[in-house]
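S.K.: Each chain, letter by letter, is given below.
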Amino acid sequence: MLDYTKKEQYDRSALRVNPAKTCQPVGAMYAALGVHECMPHSHGSQGCCAFHRMFLTRHFKDPAMASSSSFTEGASVFGGGSNLKTAAKNIFDIYNPKIIAVHTTCLSETIGDDLNALIQGIDIPDGKYMVHTNTPSYKGSHVTGFSNMVASFINYLSVSSGAKNGKLAMIPGFVNPGDMREMKRLTKAMGISYTMLPDTSGVMDSPMTGKFEMYPQGGTTVEEIIGLGDSKLTLAIGKFASEAGAEALEKKCKVPYKTLPMPIGIGNTDKFIMELQSFTKDEVPYSIEEERGQLVDILIDIHPYTYNKKAAIFGDPDTVLGIAEFAMEMGMIPKYLVTGTPGEAFETAAEELFTKFGLSGCKAKAAGDLYELHQWMKEERVDLLIGGTHGKYIARAEDIPFVRAGFPIIDRYIHSYMPLVGYKGGMRLAELITNALMDRQDRDSTEEDFEMVM
Amino acid sequence: MLDYTKKEQYDRSALRVNPAKTCQPVGAMYAALGVHECMPHSHGSQGCCAFHRMFLTRHFKDPAMASSSSFTEGASVFGGGSNLKTAAKNIFDIYNPKIIAVHTTCLSETIGDDLNALIQGIDIPDGKYMVHTNTPSYKGSHVTGFSNMVASFINYLSVSSGAKNGKLAMIPGFVNPGDMREMKRLTKAMGISYTMLPDTSGVMDSPMTGKFEMYPQGGTTVEEIIGLGDSKLTLAIGKFASEAGAEALEKKCKVPYKTLPMPIGIGNTDKFIMELQSFTKDEVPYSIEEERGQLVDILIDIHPYTYNKKAAIFGDPDTVLGIAEFAMEMGMIPKYLVTGTPGEAFETAAEELFTKFGLSGCKAKAAGDLYELHQWMKEERVDLLIGGTHGKYIARAEDIPFVRAGFPIIDRYIHSYMPLVGYKGGMRLAELITNALMDRQDRDSTEEDFEMVM
Amino acid sequence: MEKVLDQYNSRVYKNRKEHMVTVNRNEKNEIAANVRTIPGIITQRGCCYAGCKGVVLGPIKDAFIITHGPIGCAFYSWGTRRHKAKKEDGVDNYLHYCFSTDMQEADIVFGGEKKLKKAIEEAMDLFHPSTIMICSTCPVGLIGDDIHAVAKWAEQEYKIKCIAFSCEGYKGVSQSAGHHIANNQLVRYVIGEGDREIKTKFAVNILGEYNIGGDGWETERLLKRIGYEVVSTFTGDSSMDDLKNAHKANLSLVQCHRSINYIAELIETKYGIPWMKVNFIGVEGTIETLKNIARYFNDPELMARTEAVIADELDLIEEDMAYYKSKLKGKTAAIYVGGSRAHHYQFLLDDLGVHTILAGYEFGHREEYEGREVIPFVKPDADSKNIESITVQPDPEKYHVYLSEEDINRLKEEKLLDYYGGMVKDMNDGTYMVDDLNHFETEEFLKLLKPDIFFSGIKDKFVAQKGGTLSRQLHSYDYSGPYSCFRGAVNFARDITMGIYTPAWSYVKTPWKSAPILEGTIGGGKAC
Amino acid sequence: MEKVLDQYNSRVYKNRKEHMVTVNRNEKNEIAANVRTIPGIITQRGCCYAGCKGVVLGPIKDAFIITHGPIGCAFYSWGTRRHKAKKEDGVDNYLHYCFSTDMQEADIVFGGEKKLKKAIEEAMDLFHPSTIMICSTCPVGLIGDDIHAVAKWAEQEYKIKCIAFSCEGYKGVSQSAGHHIANNQLVRYVIGEGDREIKTKFAVNILGEYNIGGDGWETERLLKRIGYEVVSTFTGDSSMDDLKNAHKANLSLVQCHRSINYIAELIETKYGIPWMKVNFIGVEGTIETLKNIARYFNDPELMARTEAVIADELDLIEEDMAYYKSKLKGKTAAIYVGGSRAHHYQFLLDDLGVHTILAGYEFGHREEYEGREVIPFVKPDADSKNIESITVQPDPEKYHVYLSEEDINRLKEEKLLDYYGGMVKDMNDGTYMVDDLNHFETEEFLKLLKPDIFFSGIKDKFVAQKGGTLSRQLHSYDYSGPYSCFRGAVNFARDITMGIYTPAWSYVKTPWKSAPILEGTIGGGKAC
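Residue numbers (numbering that gives the first Met the number 0), protein chains in the order written: chain H, 0 to 453; chain S, 0 to 453; chain B, 0 to 527; chain X, 0 to 527.
No wet-lab data here; the hints were simulated from the structure. Careful, some of the hints might be misleading.
[Claimed, not checked] Derived EDC-like pairs (lysine to aspartate or glutamate); straight-line CA-CA distance at most 16 Å: (1) X/K85 x H/E289; (2) B/K512 x S/D269; (3) B/K86 x S/D448; (4) X/K508 x H/E446; (5) S/K377 x S/D113; (6) B/K397 x B/E318; (7) B/K151 x B/E196; (8) X/K328 x X/D124; (9) B/K86 x B/E120; (10) B/K85 x S/E7; (11) S/K210 x H/E289; (12) S/K6 x X/D124.
[As the list claims (entries may be wrong)] Going by beta-carbon spacing under 7 Å, a handful of chain B positions derived as facing chain S: (13) A84; (14) Y261; (15) G329; (16) G370; (17) D477; (18) T501; (19) P502.
Small disclaimer: the values here were computed from a predicted structure and weren't measured. Just so you know, even glycine gets a beta-carbon here, dropped at the ideal spot from N, CA and C.
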């Protein structure tokens with residue numbers, strides 16, 4: 000497995016091998032699925048839309064509905080305006096969404112289609128909406144696309160009425176529905192009225208009912224997005240995925256914002272809860288304090304199995320940073336952190352974390368790939384690999400325990416229902432990690448060292 | 000590993016090899032820990048108390064506080080009355096519980112100590128309580144002990160005031176705090192006022208606070224137990240662990256009861272919810288319906304990995320039956336079901352399940368042991384073993400994937416926080432099972448069959 | 000059918016009506032296919048890149064395929080298509096890798112050739128491949144990168160084979176364009192270059208078999224058991240060396256007609272090897288196919304061996320098949336998959352007593368529906384004209400024939416060679432044939448026809464299932480397989496049986512909705 | 000100390016006061032030990048069965064131990080004590096099994112001998128053990144089952160060794176009684192029976208080493224490296240055959256004095272082999288022990304080899320130990336464990352610069368606290384008198400001496416042989432020694448003394464930790480180990496360092512409790 004990956008360092012500048020990111024549009028599509036009655040629309044050739052739907056479906060095991068401008072060679076030469084017009088008419092006609100959220104592709108971006116102008120030229124039915132975002136595939140990553148789509152929803156729709164509504168706006172980051180549910184549960188437990196954008200819970204984890212719903216019960220409503228302009232504060236969860244949206248809302252509607260790290264682990268969840276508390280000024284309920292205390296208790300209990308264990312973590316920047324900090328809280332050494340998404344901020348934040356926990360010898364890289372991560376792991380072995388499905392080849396090649404966390408996970412089920420965020424998510428993640436390490440200890444132990452009690 | 004276990008059937012009537020049960024007192028101790036400000040007291044030699052505390056601590060990784068009558072040879076000859084008297088005085092003096100819950104041991108039972116009489120002879124401080132239950136180790140199992148302790152709490156304390164309080168009494172069975180929390184969450188979501196007895200949540204999963212609490216926040220209060228007499232209905236969750244308590248309450252206070260299977264899996268949780276609905280007459284909230292639909296969705300999604308997979312399941316009777324039914328809902332074949340707890344009802348219930356799902360060739364045995372289960376597994380292999388820690392030797396010997404579920408789990412962490420009951424518990428159990436099977440597929444696949452998408 | 004169409008506006012109605020046929024054996028059953036999808040219609044179709052890189056080239060294990068473009072396309076086609084390949088001594092296997100130039104904005108603005116060259120340089124340093132393939136994605140065509148020139152440069156610079164494929168996603172109307180482009184280059188630059196010694200005269204190529212889920216291995220096992228030599232498989236589990244020797248065979252077997260018929264024809268023209276449409280899906284289908292091949296080779300011993308192997312393989316699966324048939328008889332199916340599978344699987348379903356009531360292709364042409372006799376009447380349109388068609392001449396040295404021209408012509412007349420009859424001839428009156436079945440129609444047809452199973456792909460699988468209809472992916476086999484030949488039939492039968500009988504279906508209805516106030520005894524408990 | 004005691008009522012106060020000593024080197028430091036625990040006091044003590052079956056007999060790998068009694072006791076002692084044992088050719092290993100008669104009510108009422116016999120019959124059929132041991136639990140003594148008669152029957156019936164142990168839980172006041180009972184029977188029925196050839200004169204027994212976490216293996220490795228032959232280990236990783244040959248050694252090394260001193264003495268009386276208290280825990284302790292053993296054997300080459308091995312082993316751990324010492328220096332510890340460990344580990348903690356401020360035994364006798372010189376003054380009470388003491392005579396054939404009587408006597412005078420000085424001599428003034436430390440006192444002492452680490456067992460571990468004090472189990476080593484000798488010291492140092500430095504401790508305080516209204520910049524976010 001991966002027999003051609005060599006330990007020796009080699010400086011690549013052109014060949015990307017085994018990427019740890021994908022392109023913007025799929026992120027934009029995911030964000031748009033988190034808006035109620037929204038049809039995500041891919042403005043490009045239909046293969047993009049097919050790939051993205053396929054990929055989201057593989058991760059969530061739920062339908063990912065989206066339409067395409069179905070460019071042919073003609074459209075590529077003459078521009079995609081007429082395709083978009085036809086598409087809009089047909090979509091409103093046939094699928095009757097409340098809103099169409101268009102994202103571009105490398106094709107339409109390279110052609111130079113002016114989406115603002117195109118949409119203005121389209122006859123949108125009364126009470127319906129059409130928005131767009133630019134998601135050139137040759138910039139950033141799927142996280143950027145997610146971020147851009149959120150900002151565009153706000154730019155198109157949010158309005159400041161002049162009267163604050165006392166609500167908290169929350170951009171949850173590129174996370175699973177299970178994570179969004181957990182953030183909402185905590186926010187509700189704090190007695191806070193909020194709008195989460197996007198919110199794919201109820202959409203990408205929708206129940207089996209025997210009836211297919213093109214627009215399931217979940218998702219942020221257009222009205223809620225409009226109302227975001229009157230929020231008191233925005234919490235942007237995850238700098239990479241959520242800050243752009245928060246900035247947009249500040250710029251357009253003067254809603255101040257704070258950027259928080261993804262609430263994975265104790266410290267990051269503490270920040271989340273404290274921020275909520277500073278918003279509501281109410282006491283934190285005991286139930287949350289109890290969950291926190293349970294997680295601390297667990298971490299102390301399991302430390303003999305986690306302390307000084309080296310982990311390689313890859314995936315999306317906000318998630319990797321969150322998991323890395325939690326790993327350090329568990330006494331682990333997050334030896335290698337890799338995200339495919341470009342952005343120096345990732346490396347800076349990682350270095351700050353290493354310093355905070357007094358670690359040296361750890362590496363972090365943005366715009367990296369799994370080939371390089373694998374090289375590092377050959378150079379100095381780790382005890383655990385954490386990331387999405389694509390890590391499984393490395394885990395097998397190097398015979399290293401593997402915990403699936405993040406996006407995408409296309410070879411397992413149920414993960415998208417299960418939060419990693421919050422103290423409860425910490426329990427899950429701690430269990431996944433500890434079990435992986437303990438299972439390995441059991442597997443590798445001699446018969447005489449095989450322990451009944453651990 | 001377990002090299003001396005032979006495939007060939009052999010009918011044992013005297014030698015117990017690798018038991019799948021332990022003795023009554025530990026169950027009584029666990030039940031008593033689920034009462035707020037209660038000191039469980041072991042009336043016997045101090046080794047019993049030590050073993051039981053040790054065992055509960057190993058499973059829960061939390062303190063299991065209990066005292067002992069510390070019999071010596073003298074007490075064994077002359078009876079333990081004076082020991083109990085001294086113990087009661089010291090316990091109230093030093094540890095100041097609200098209530099002492101005495102359980103007997105094979106020692107005091109064999110001596111024939113009359114606990115009723117002994118307790119009547121003790122000077123119990125005002126506002127304090129002392130109750131007892133008989134838990135001869137040579138009858139039943141830890142589940143019986145749990146059951147007896149619950150019944151004794153009721154027999155001693157519960158009073159019918161003549162006016163119903165509209166509450167539901169719930170005996171949750173021999174389950175983890177995480178399970179109790181989940182049953183309470185569902186009951187609360189149904190808008191029902193209830194008393195759960197016992198309730199070890201908050202006790203055996205108490206948070207780290209930097210301060211040891213002999214009596215943490217959790218547990219059923221004595222007042223609540225007294226008030227059980229005014230309940231409208233009792234739900235006994237699990238025939239083996241909970242029916243005795245419900246019967247006691249019916250007999251003493253005329254509270255009618257229903258016995259439900261452990262709400263593991265869809266059908267059993269449906270029964271639980273329907274029963275709650277029939278109690279409240281209110282609509283089931285959408286949040287519960289959604290969880291249910293998600294679990295159904297998941298089971299359909301994962302069926303290619305679970306269908307016709309053979310499982311051996313062992314542990315406590317109510318739990319094993321619950322897991323077995325869920326396994327069948329997943330299309331699995333619960334080939335062997337073993338509990339160490341005696342009781343024909345287990346085999347009858349299992350046979351009914353096999354019939355309901357149209358399965359033949361499955362075996363169920365009460366009062367069985369792991370040696371025999373292992374023999375069966377040698378005779379016809381299964382794809383998965385589900386049970387407590389003691390199964391790990393068999394799993395290793397036979398190289399069979401192993402899912403830890405039930406009691407006791409003394410070689411892993413965090414499990415006691417995580418419910419198996421309810422639809423949410425179903426998701427967890429489904430994930431554990433599917434991951435175990437899929438991890439095995441990955442492990443055993445050739446490189447060319449190693450799948451990226453599953 | 001009208002019920003579905005009636006909900007469209009007039010333009011869409013008009014367009015989509017032509018893509019739907021209620022089968023009537025006494026009529027022409029003409030269908031519109033291989034034409035562009037209307038924008039905004041939620042199609043399941045993919046793109047040219049997916050057809051070229053994803054389908055045809057992807058399985059070639061020692062081809063080092065660099066996707067030239069932004070990262071997405073390479074990422075999505077990494078390890079996701081289940082074209083399995085075994086390690087082989089002396090042959091590289093890059094299937095677990097994903098290579099891309101990961102083009103950035105500057106490359107789009109200033110051109111990507113430089114980066115592509117650098118990527119090749121790095122590939123050579125790190126991997127030393129003997130073959131590099133370059134597949135371009137959408138923007139590459141627009142910015143005018145000359146990937147063919149780069150390929151030529153690489154061949155000279157590194158003395159390797161380097162082939163460029165201009166398979167930008169917007170070309171054509173579906174994956175089909177990509178197959179064509181891949182086919183052209185393989186004929187141009189690969190086939191005919193080999194010099195492997197062929198050991199028996201019963202030497203065949205298997206064309207259009209990508210070894211999804213191990214189908215190709217099962218087919219090969221069967222053919223070898225009978226005594227055939229498989230010279231090359233296009234392209235499942237193949238090395239470049241295998242493909243280079245395709246001209247040495249004496250017959251080309253065409254499994255997936257759509258994706259590979261260009262190669263089949265060009266091989267015949269250039270090397271004299273006729274092709275035969277085969278079908279290894281389904282027990283009866285496989286038997287007929289084996290007999291047809293034997294007829295071509297016309298050798299008594301081979302024929303006897305064919306019969307013996309058929310009998311033996313049948314014997315092994317008989318009991319299982321009978322069991323599954325007993326569970327499936329009378330069930331109905333709808334099939335909507337890429338190319339030929341929608342046709343092939345009807346045979347296997349027939350074996351199991353399952354009736355196909357609707358079938359369609361995602362990227363088939365009219366000949367896959369109506370048979371090759373319709374080809375002369377297919378009008379090229381703007382989209383199809385944009386895809387290059389190449390012509391070849393007989394190769395003076397390598398042209399060879401196994402049968403006499405007379406025999407060949409006879410077999411052609413018997414439609415045993417160079418012919419494909421299409422799907423419609425095997426469908427029953429009153430069933431539906433729908434091309435480019437889109438989301439809306441899927442939803443509506445499932446509601447109207449209520450098939451027991453819907454065979455499709457990952458994008459519509461969960462749509463069907465949310466609606467209560469079992470769906471199995473026939474692109475990826477839902478990560479199972481093989482489904483080909485005799486043993487594969489049992490796997491397939493097992494998989495759909497478990498899907499239909501999976502107990503979870505019976506829990507779809509929420510019980511408290513149907514019985515809101517249930518009283519009385521529950522689960523063996525006592526009544527109050 | 001008074002702060003703790005003051006909270007007791009007068010009876011308890013009086014009793015417990017005698018179990019507590021503030022160490023003062025100038026005084027006698029007399030302590031009450033090995034007396035019964037007051038009922039109701041939450042003691043950590045176990046029972047006689049735990050000491051006999053759990054501690055001493057459990058590790059014998061080929062002994063087929065049937066726990067005769069209700070199921071619990073067998074279940075709890077199944078695989079939970081970490082006495083590791085390797086597979087060995089020709090030697091059974093039953094350590095992964097649990098055998099019990101699982102007595103039921105009828106057996107209690109009508110007697111359990113019949114069931115026990117049947118169990119032995121079944122054991123013979125299924126396992127063919129060469130040795131069966133019967134351990135009885137509480138009710139067996141009361142109902143009067145004669146397990147010794149059953150053992151005799153089994154020996155005759157099956158020509159195997161069968162030994163019965165009347166180790167009912169209520170006997171004695173702690174596990175200690177069980178050790179004694181086990182010791183007695185091993186001397187009576189096992190030691191002396193072997194006829195193994197001893198290869199070197201440097202032949203030793205290791206007594207009181209149960210190979211928890213592999214400690215015994217590490218000790219054996221070290222001894223063998225120097226040139227010793229380990230004849231038997233009692234009882235870690237031992238076979239019956241090893242134990243049977245204990246009389247062939249020339250010196251008995253006693254690691255855990257409490258659990259095995261009966262055997263050490265009886266061996267000396269019967270076979271002439273003196274015993275030496277050793278301590279393989281701690282670097283300095285191990286060095287001193289190795290030198291002492293060499294002094295006994297008094298061989299220049301052996302002595303040189305001893306020095307060389309010490310130097311080499313030290314060299315390997317020096318850097319690690321220095322590192323961990325730098326992390327641990329100045330920390331304080333409290334230790335409360337079963338027998339000798341509370342003493343031994345103080346040496347290792349000293350090596351690391353950790354001060355022990357409180358120490359106590361769960362089941363030690365006064366001699367483990369005050370030294371063997373106190374033995375004549377220990378008054379037997381009702382509980383201790385109930386445990387049989389056996390006497391032996393010199394064995395005319397097997398009695399042998401390595402040193403002259405003169406030398407032996409000199410070494411005895413030097414307290415190198417047959418002597419144990421107890422814990423108190425190694426403790427500092429002002430530290431505390433508490434016997435049978437109970438839950439209440441644990442809680443109070445931890446609050447008062449605030450040690451950085453509390454070494455104890457599973458029952459009080461989480462009590463300490465909930466209170467914010469790291470606790471490591473010194474019975475099971477928290478599933479780590481070995482902790483013995485040089486390498487073990489590093490393991491130990493690593494484990495407690497990670498415990499103290501584990502980051503989770505810094506999260507114990509709930510942040511919103513200390514800073515209820517925090518405003519401003521969080522996590523790099525912008526301020527509003």
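S.K.: Give me the numbers of the hints this structure contradicts, sorted from smallest to largest.
M.R.: Violated hints: 1, 4, 5, 6, 7, 8, 9, 10, 14, 15 and 16; rest satisfied.
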